[in-house]
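**Student:** What follows is each chain in one-letter form.
Number of protein chains: 2
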Amino acid sequence: MTLELDVLTVGRVGVDLYAEELHASFTEARRFQKSVGGSPTNVAVAAARLGLRAAVFTKVGNDGLGAYVRHALAEEFGVDTRFVGTHRTLQTPIVVAAMDPPEDPQFVFYREPRAPDSTIVPDEIDLDVVRTVPILWISAGALAVEPSRGTARILLAERGRRPHTILDLDYRPSFWTSADEARREIGATIDAVTVAVGNRAECEIAVGASEPDAAANVLVGRGVELAIVKMGGDGVLVATREERRVIPPVPVDVVSGLGAGDAFGGALCHGLLAGKSPFEAVEFANAAGALVASRLLCADAMPTEAEVWRLMETSSARS
Amino acid sequence: MTLELDVLTVGRVGVDLYAEELHASFTEARRFQKSVGGSPTNVAVAAARLGLRAAVFTKVGNDGLGAYVRHALAEEFGVDTRFVGTHRTLQTPIVVAAMDPPEDPQFVFYREPRAPDSTIVPDEIDLDVVRTVPILWISAGALAVEPSRGTARILLAERGRRPHTILDLDYRPSFWTSADEARREIGATIDAVTVAVGNRAECEIAVGASEPDAAANVLVGRGVELAIVKMGGDGVLVATREERRVIPPVPVDVVSGLGAGDAFGGALCHGLLAGKSPFEAVEFANAAGALVASRLLCADAMPTEAEVWRLMETSSARS
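If you read the sequences in order, they're chains S and B.
Residue numbers for the first sequence follow our numbering, beginning at 952 and rising by one.
Residue numbers for the second sequence follow our numbering, beginning at 952 and rising by one.
For reference, chain S alone in the conformation it holds in the complex:
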């Protein structure tokens, strides 16, 4: 007998080592703070911080950093780790970042010869959970290589496009053999999900259109119930079959955009499960993302519900 979940995310995990010094290059930065990283993992962290019962389906290495990730998820962040596997030989990936500048950091990724999370197979998950969990969140990064690609496809087939099946269009060129392959694989996955979230560049890869309304047209036309196109300073386009609106950005002093998208994701899950309208859910998610953008670390910076409401009140009082 296991506890029921609200959200299951699928995809990568790692350890982030981010320079403490802002505006310092790799040459200048001297101290790095450790944090749990990997977009879908941080979406689960963000969801848990907002009170949801969240799990992540991923895999760490059999090393000290993998042990840290597992411990932090369970003990610090309250994320269910029952589907966090351990690869016998591959190492827990790390990302070293120089905040130069903080709003557009420099990264060095260490995930060679490959990341443990790319080796997840369907045997390692409970398919009943995949079918019935209220929200299944899949990061497009899981589609980059086998066997995680085939695993994601099987999970989606089991799920049968049950709401809410969310595809984060998350695209990092270095994870893929080619942009064409990413276009093909991410594009084909649209037909299996009910919600798609991405920025303009990610929409261009997923549906061949970076103009927000055009991208939303394709997504909605292919049966997505909720298309969310992030436009940075221009806000977020939220499109359903019936209606579309631009949700304005929440003004904050940006420290680093890192993790803001994952906070947005966790908060979007929270809003959808709370029965908010898609527009209200994105307003809430926007505020959560803005809060993390005003902080340095990702996982450690995920806001509580009270913090998000407080920012929303302050910023609406200001406007």
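By construction, these hints were calculated from the structure, which means they are not laboratory data.
Errors might be hidden in some of the hints.
[Claimed, not checked] Okay, the calculated beta carbon distance ranges per label pair: (1) N1013/S with R981/B: 49 to 55 Å; (2) T1040/B with D1164/S: 29 to 35 Å; (3) G1159/S with G1029/B: 53 to 59 Å; (4) E1026/B with D1164/S: 50 to 56 Å; (5) G1029/S with D1074/B: 53 to 59 Å; (6) N1013/S with T1255/B: 40 to 46 Å; (7) T1128/B with A1108/S: 38 to 44 Å.
[Unchecked claim] Derived list of chain S stretches under chain B, where covered just means 3 residues or more per stretch with a C-beta under 8 Å from a C-beta of chain B: (8) 974-988; (9) 1005-1019.
[To be verified] Partner residues are not named here, just some residues of chain B that face chain S (Cβ under 10 Å, in silico): (10) R981; (11) F983; (12) L1016; (13) Q1042; (14) I1045; (15) Y1061; (16) R1062.
All C-beta atoms, glycine included, are put in the ideal place defined by N, C-alpha and C.
Chain S is fixed; fit chain B onto it per the hints.
**Tutor:** What follows is chain B alone, placed relative to chain S:
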């Protein structure tokens, strides 16, 4: 027209990220300090700190961390970087360490699929320098894989066992396919050098004997002019064809042994070039190693000559 060198070291380089918190596991440690790493690179740093003109023959990645290493060597440490190459695609290796405990830290090495320094080829070095530099220092790690293994052999052949040709018996199992291969490769290299330095475990790999006198017998019997066997708390056995002595350890409060061997190496070079006897040179090297053992970082902790003399005076006054 380039400046003449006193010491040329050959082998690996990387970036160390060491936890600031002592006695903290990877789960507990939160902040990591960045430093230049890689044993032969740190020997060059230690030699430069002692006033020698030192260079290292190695290779970094074409990334921010590689740029940091090159900058730090040249600008912070005064090491000549003319033979520090840049690999087009491989990444600068990093080592993440938890000081748990500080005297025997836990490491995770990131050097997959391989380290840029393992790709050095003879074309990338000036063979005139290799033939004539007063000290050529080769780390046995360079023998672990091709092409750096063949490159090291060619450098030694060019050198023709000219004094001082130093082999650091430095052995890390993870760099090698098998211990047998290490035995064969490191063992065969003894015949090409005039000085060999290693601890008991490394002597076991290099000459099949871990008992210090037995190891020294083999080394001296094969033509090594100076055999140095480190025995930890039991001191250092120094053996020439004519004489052997145990140099006692210098008592300090050990923070971390990391880098102590490299400080020893740089100071040994200093002593040999200053015309000290091998026994005096090792006394000086011992004190330099002890100083670094009392400090956290490696490269940043290398002592000046004045600091070494001060410790030697203090410790002889104490004994």
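**Student:** Hint numbers the structure violates, sorted upward?
**Tutor:** 1 and 2
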